[in-house]
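A.B. asks: So the chains spell out like this:
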Amino acid sequence: MSEPAATALLAEDVIKRYGPVTALAGVTLRVALGECVALVGESGSGKSTLLRCFNRLVTADAGRVSVQGVDVETADPVGLRRTMGYVQQEGGLLPHWTVLRNAGLVPRLLARPNPDALARQALALVGLPSAELESRYPAELSGGQRQRVAIARAIAAQPPVLLMDEPFGALDAITRAELQHAFAGLRRRLGATLALVTHDLREAFLLADRVAVLRAGHVEQADTPDGLRRAPATPYVRRLLETAEVA
Amino acid sequence: MSVLVRLRPPWIALLLCTGPAVAQTRPIVVASKPFAESYLLAEMFAQLLERAGHPVDRRLGLGATEIAFGALRTGAIDVYPEYTGTGLLAILDQPVEPDPRAVYRRVADAFAGRWDVHWLPPLGFENTYAIAVRRETADRHALRTLSDLARVSPQLTAGLTPDFTGRPDGLPALERVYGFRPRAVRSLVQAVKYLALAEGAVDVIDGYSTDGLIARYGLVVLEDDRAAFPPYEAAALVSARLWREAPSAVRALTQLSGRLDEATMRALNARVEVSNEPVATVAHEALAALGLASPADTGAPRAGAPRAGLVRYLWDRRAETARLLGRHVLLVALSLGAAVLLAVPLGLALERWRAGAEGAIRAVGVLQTIPGIALLAFMLPLLGIGTAPALVALFLYSLYPIVRNTYSGVRDAAPDAVGAAEALGMTPGQLLRQVRLPLAAPVIMAGVRTAAVINVGTATLAAFIGAGGLGEPIVSGLALSDSRLVLSGAIPAALLALAVDLVLGGVERIVRPRGTPA
Numbered sequence: 001m002s003e004p005a006a007t008a009l010l011a012e013d014v015i016k017r018y019g020p021v022t023a024l025a026g027v028t029l030r031v032a033l034g035e036c037v038a039l040v041g042e043s044g045s046g047k048s049t050l051l052r053c054f055n056r057l058v059t060a061d062a063g064r065v066s067v068q069g070v071d072v073e074t075a076d077p078v079g080l081r082r083t084m085g086y087v088q089q090e091g092g093l094l095p096h097w098t099v100l101r102n103a104g105l106v107p108r109l110l111a112r113p114n115p116d117a118l119a120r121q122a123l124a125l126v127g128l129p130s131a132e133l134e135s136r137y138p139a140e141l142s143g144g145q146r147q148r149v150a151i152a153r154a155i156a157a158q159p160p161v162l163l164m165d166e167p168f169g170a171l172d173a174i175t176r177a178e179l180q181h182a183f184a185g186l187r188r189r190l191g192a193t194l195a196l197v198t199h200d201l202r203e204a205f206l207l208a209d210r211v212a213v214l215r216a217g218h219v220e221q222a223d224t225p226d227g228l229r230r231a232p233a234t235p236y237v238r239r240l241l242e243t244a245e246v247a
Numbered sequence: 248m249s250v251l252v253r254l255r256p257p258w259i260a261l262l263l264c265t266g267p268a269v270a271q272t273r274p275i276v277v278a279s280k281p282f283a284e285s286y287l288l289a290e291m292f293a294q295l296l297e298r299a300g301h302p303v304d305r306r307l308g309l310g311a312t313e314i315a316f317g318a319l320r321t322g323a324i325d326v327y328p329e330y331t332g333t334g335l336l337a338i339l340d341q342p343v344e345p346d347p348r349a350v351y352r353r354v355a356d357a358f359a360g361r362w363d364v365h366w367l368p369p370l371g372f373e374n375t376y377a378i379a380v381r382r383e384t385a386d387r388h389a390l391r392t393l394s395d396l397a398r399v400s401p402q403l404t405a406g407l408t409p410d411f412t413g414r415p416d417g418l419p420a421l422e423r424v425y426g427f428r429p430r431a432v433r434s435l436v437q438a439v440k441y442l443a444l445a446e447g448a449v450d451v452i453d454g455y456s457t458d459g460l461i462a463r464y465g466l467v468v469l470e471d472d473r474a475a476f477p478p479y480e481a482a483a484l485v486s487a488r489l490w491r492e493a494p495s496a497v498r499a500l501t502q503l504s505g506r507l508d509e510a511t512m513r514a515l516n517a518r519v520e521v522s523n524e525p526v527a528t529v530a531h532e533a534l535a536a537l538g539l540a541s542p543a544d545t546g547a548p549r550a551g552a553p554r555a556g557l558v559r560y561l562w563d564r565r566a567e568t569a570r571l572l573g574r575h576v577l578l579v580a581l582s583l584g585a586a587v588l589l590a591v592p593l594g595l596a597l598e599r600w601r602a603g604a605e606g607a608i609r610a611v612g613v614l615q616t617i618p619g620i621a622l623l624a625f626m627l628p629l630l631g632i633g634t635a636p637a638l639v640a641l642f643l644y645s646l647y648p649i650v651r652n653t654y655s656g657v658r659d660a661a662p663d664a665v666g667a668a669e670a671l672g673m674t675p676g677q678l679l680r681q682v683r684l685p686l687a688a689p690v691i692m693a694g695v696r697t698a699a700v701i702n703v704g705t706a707t708l709a710a711f712i713g714a715g716g717l718g719e720p721i722v723s724g725l726a727l728s729d730s731r732l733v734l735s736g737a738i739p740a741a742l743l744a745l746a747v748d749l750v751l752g753g754v755e756r757i758v759r760p761r762g763t764p765a
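Note that the protein sequences, when read in sequence, are chains A and B.
So the first sequence is numbered by this note's numbering: it starts at 1 and just counts up by one.
So the second sequence is numbered by this note's numbering: it starts at 248 and just counts up by one.
These are calculated hints, taken from the structure and not from any lab test.
Among the hints, erroneous ones may be present.
Partner residues are not named here, just some residues of chain A that face chain B (Cβ under 8 Å, in silico) [claimed, not checked]:
id : residue
1  : N55
2  : V58
3  : R81
4  : Y86
5  : Q88
6  : L94
7  : L100
8  : R101
9  : L105
10 : A139
11 : L141
12 : G143
13 : G144
Reference listing, derived: stretches of chain B covered by chain A, where coverage requires no fewer than 3 residues with Cβ under 8 Å from a Cβ of chain A [as the list claims (entries may be wrong)]:
id : stretch
14 : 368-376
15 : 669-679
Every residue, glycine too, gets a C-beta built ideally from N, C-alpha and C.
So that you can see chain B by itself, here it is in the shape it has in the complex:
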């Protein structure tokens, strides 16, 4: 080997070390979690890397902490923005620690030791939980701190994200440290909690201190006077591969360390969440302001300022929508096709083995009850992120209606006629091919149709693991509080579901044998 190296003409060696522009074997995969700040930071990472000459693959809006971190740990992604407090409590499951430096040191050591995953120096701001109330609620009860809030909490309804309710540093911490006992707790997703608070549906929500919407709705953030929440310093979390193999990429990312303060971040988030400016534009301008991007090179076109009508907006996005639709149809078609290939023979086999049939079908049905995100998180260590786990999940979700309908369709197909045909000397094979399958075909097809329509809806979840499709604009739209973006995914998805239902309904009529009632 060393001989070969020495024999190499000098220009090859030159080419191999021309600095950051060296071609990578694979683009650097930059990911984010599904909320605005995470998108924004990830986009800044991506632009920094691109400026340094690294090709980048963006996988924004990954499910939640388990999926994003799971993907990083298994090398499916290379970098995403994470918060030290989340690392400490949600990932390492360790107790709260009030000193930011200590938290950073602890997660940095633990992550490097356990998983060879590395925290770059913090970006410079904290984004902690911001327990927020309406201005009039604060005035009426004279609320300034969380201790004040706990005092009047029995009169208030809380609207909390499931994430906050479940994490040890979320609701349990509030209860333990402050004795917070709201009259009721409603579970609200990220995308609607601010609106729910502003409109009075709930009185208290869990926000993030840098959320752009806090200012928009004129909310009051209550001070964590007894330090229930640990410091949540934002930082880039990078994979082992990037850490070892691409020091120039790590250097590029480190340029942002210590450069973002809380006020800057809140203003940037507001531009995305409140003004609906494109993430790429906001990220680019923020980097330019820090001298990390050239102002002339204005990245993405500055769109979105005039709010065109929805129809116009959807029309302008038609090329992108067509691409996402194509991908969506592909995900549905492949997973459904595979499900039909397994589920129909399985249903037929179970019809032959009736003793075990109900149990087996119920077992397949249990798959249906696993929440999509949980199933995806489950498969992460095996299949990583992207298309493969999405296909497997959609395949699993499609099995039940097809197995169930095949089994009962064949079992219940004209039992009198089947009995007579058997008595006249049809073999079991002839009965199946000539009588039972043709008579069961519409029922089997109805199962396929049900599975297909469910599949079209479920496939929007694929966006949470970076598999694309029409869920992509839905997930980013929800994260960025951009309802037009949500609709640009949701409307085609709904139309697709309708179209699939219509087409398969037609197939159902075609396969229905003549002479049998519709």
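Chain A with its partners taken away, still in its complex shape:
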């Protein structure tokens, strides 16, 4: 890995508390341009909170968060978010909009001249035959199709950064495997920087260049899948690898 590669996402000593609960206890993480980093950990480890700091859905109490060199505190949050694709676990599609309109949301917010064309292109990239599906409503799709539309919506405006929060978490095992593999291929073609939250270490190893293991609001270890396998930094990481049978 070329060490001085440009940084796309940066979190330094980030602290976030919700009343008495500390979600992030001084997290530092760097994601290089074009890199895919998976944030892995149990519920409550702070992985989603960290992800949401990058698009200002969460504002850190202390520390510094920047996206492509810009401090998110100084950026306009709405403009910032439009430059970052976002996929959540489920239910993220607007139920009263068709597939095409959902997929064209961000191009429209950015007032691009050709939102429908961008939407169709994105639907094709995620493997949905848009001619057949584009006029349907989310309720008329299968769970897997809905998640593909959500991914298409996130990439339609070709954002430089993608944030994904358990994007395949609500799918059945077969559909999940299908989408994981489809996305692994897609990611290389997109070339976007990607931060992916998952509790599934196998998924992380499949999709990510590097994996950051979070525990109780701090990063336990961040390394490539091989690096983690070779040298687990803590007993917790070792146990995690063993349980996931990826060791």
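Position chain B against the provided structure of chain A, taking the given hints into account.
C.D. replies: Chain B in isolation, oriented as in the chain A frame:
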């Protein structure tokens, strides 16, 4: 000014004092309370005034003592029949006084001094409380007086009007003076108490001594042997305006003073309550018998004698029903429209300010718990009677379901989708307009629909403050024991509620965005 007067051509002066036919700036507003005798007396007042050349506006069946008297005191009405005992106890809150002349003097002085409201000389009869039982109850227990009744009261169930139960000269007086302790007290409205007694649902009721139904059901009225009730002499109560500005009207009304005795009144009430003859006809014939109306001029047509079928009756009233329906729809539409204009933005604002939302919505909900009559009585000093207070009351009653549904509809609209749209860069305004409002629209509309249906029902109360609508025949029908008249208001009101529900249900479906589950 005096120069101008002198410069006036003499014919103008002539025109200005051509006696009773002088045009008034505003018609004389004649009102009554919602029971048969009050309607009848008010109608007699109205006909006397019309005969003397005064234009008259009838506002019959006003809520109860507080509303009728409140309206008179504030000048919203000009005259209504009242009873001296009621004035003494219910309005002045003074103790019982057995001598009728003394009671009259006391209320006349007090009302003139305090409110510039004036009692004309009494009409000539008393209408006191008549505690009545069935003939067989009287025979079985040998009841003749209220003292007798008190003795056996633990074996009896009383059916009393809320008015009687609450007034110091009502149930409390019976308890205090006679030791009346019935086994149970059921609250009954005016309209059903005689039927409830006749059919044995209760054993004792509070009636009025001149009620026409006492004779119809063959009831026994027990003598007030210890004078628990004060004298209730009927008299016209007139406003300051009428008293000062229309002496000829006051003279016309005074013609009836001392002319009606108890037997006459009971017979007249029976014609209205038992035979269901039109009030106007009965009033006219009574005045004619006293030489206060010409017999030839038979006022209203003498209808009602043959009891046509209900359908025929409703059909014959169709023009009147259409007019009342139109008015009803107008009251509902205006108040509901105003409520939507306030409640939807309020619900949206509260959604932004969630900390205070529940409290604020509950405060709006408290309005819902104020009884209609109380709310109307409350607003009387500010808004008088008629359309304005009715609209305000209906508006207030409509707020809660709309605010509540707007707030929770917008708050709960697809939170996951809203979260994702926010994460992708929608502004709060875009979220509201493009996502939350469209998704909440059916819920908001359901609130409007609930408010509208409640509103149609509540609007029948508007009749109690003279605002018209379909409540008018309901209120008069209940007062006059005329079930066909009640139905002529109640059936269209029910159909209207159904129609409103259907139409707004359709709107609810139309505003439901495609793709969302029904």
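A.B. asks: Taking the closest Cβ pair, is R101(A) under 8 Å from chain B?
C.D. replies: violated (10 Å)
A.B. asks: Holds or violated: is the Cβ of V58(A) closer than 8 Å to a Cβ in chain B?
C.D. replies: violated (11 Å)
A.B. asks: With chain B as the partner, please determine if N55(A) meets the hint condition of a C-beta pair closer than 8 Å.
C.D. replies: Check passed: Cβ of N55(A) comes within 6 Å of chain B, closer than 8 Å.
A.B. asks: Minimum Cβ distance from G143(A) to chain B below 8 Å?
C.D. replies: Since the shortest Cβ distance to chain B is 13 Å, the answer is violated.
A.B. asks: Going by Cβ atoms only, is L141(A) closer than 8 Å to chain B?
C.D. replies: violated (10 Å)
A.B. asks: Just to be careful: measuring from the Cβ of L100(A) to every Cβ in chain B, is the smallest value less than 8 Å?
C.D. replies: violated (12 Å)
A.B. asks: Any CB of chain B closer than 8 Å to the CB of A139(A)?
C.D. replies: Since the shortest Cβ distance to chain B is 6 Å, the answer is holds.
A.B. asks: Given R81(A) as an interface hint, is the shortest Cβ-Cβ distance to chain B below 8 Å?
C.D. replies: For R81(A), the interface hint holds, since the closest Cβ of chain B sits about 4 Å away, which is under 8 Å.
A.B. asks: Mind checking, does the stretch 368-376 of chain B have 3 or more residues with a CB under 8 Å from chain A?
C.D. replies: With 0 residues closer than 8 Å to chain A, the stretch 368-376 of chain B misses the three-residue bar; violated.
A.B. asks: Do the numbers back the hint for L94(A), that is, is its least Cβ distance to chain B under 8 Å?
C.D. replies: holds (5 Å)
A.B. asks: Hey, does the Y86(A) contact hint survive, CB to chain B under 8 Å?
C.D. replies: holds (4 Å)
A.B. asks: Between the stretch 669-679 of chain B and chain A, see if three or more residues pass the 8 Å beta-carbon test, and mark the coverage as holds or violated.
C.D. replies: holds (count 7)
Hint violations for this structure: numbers 2, 7, 8, 11, 12, 13 and 14, all remaining hints satisfied.
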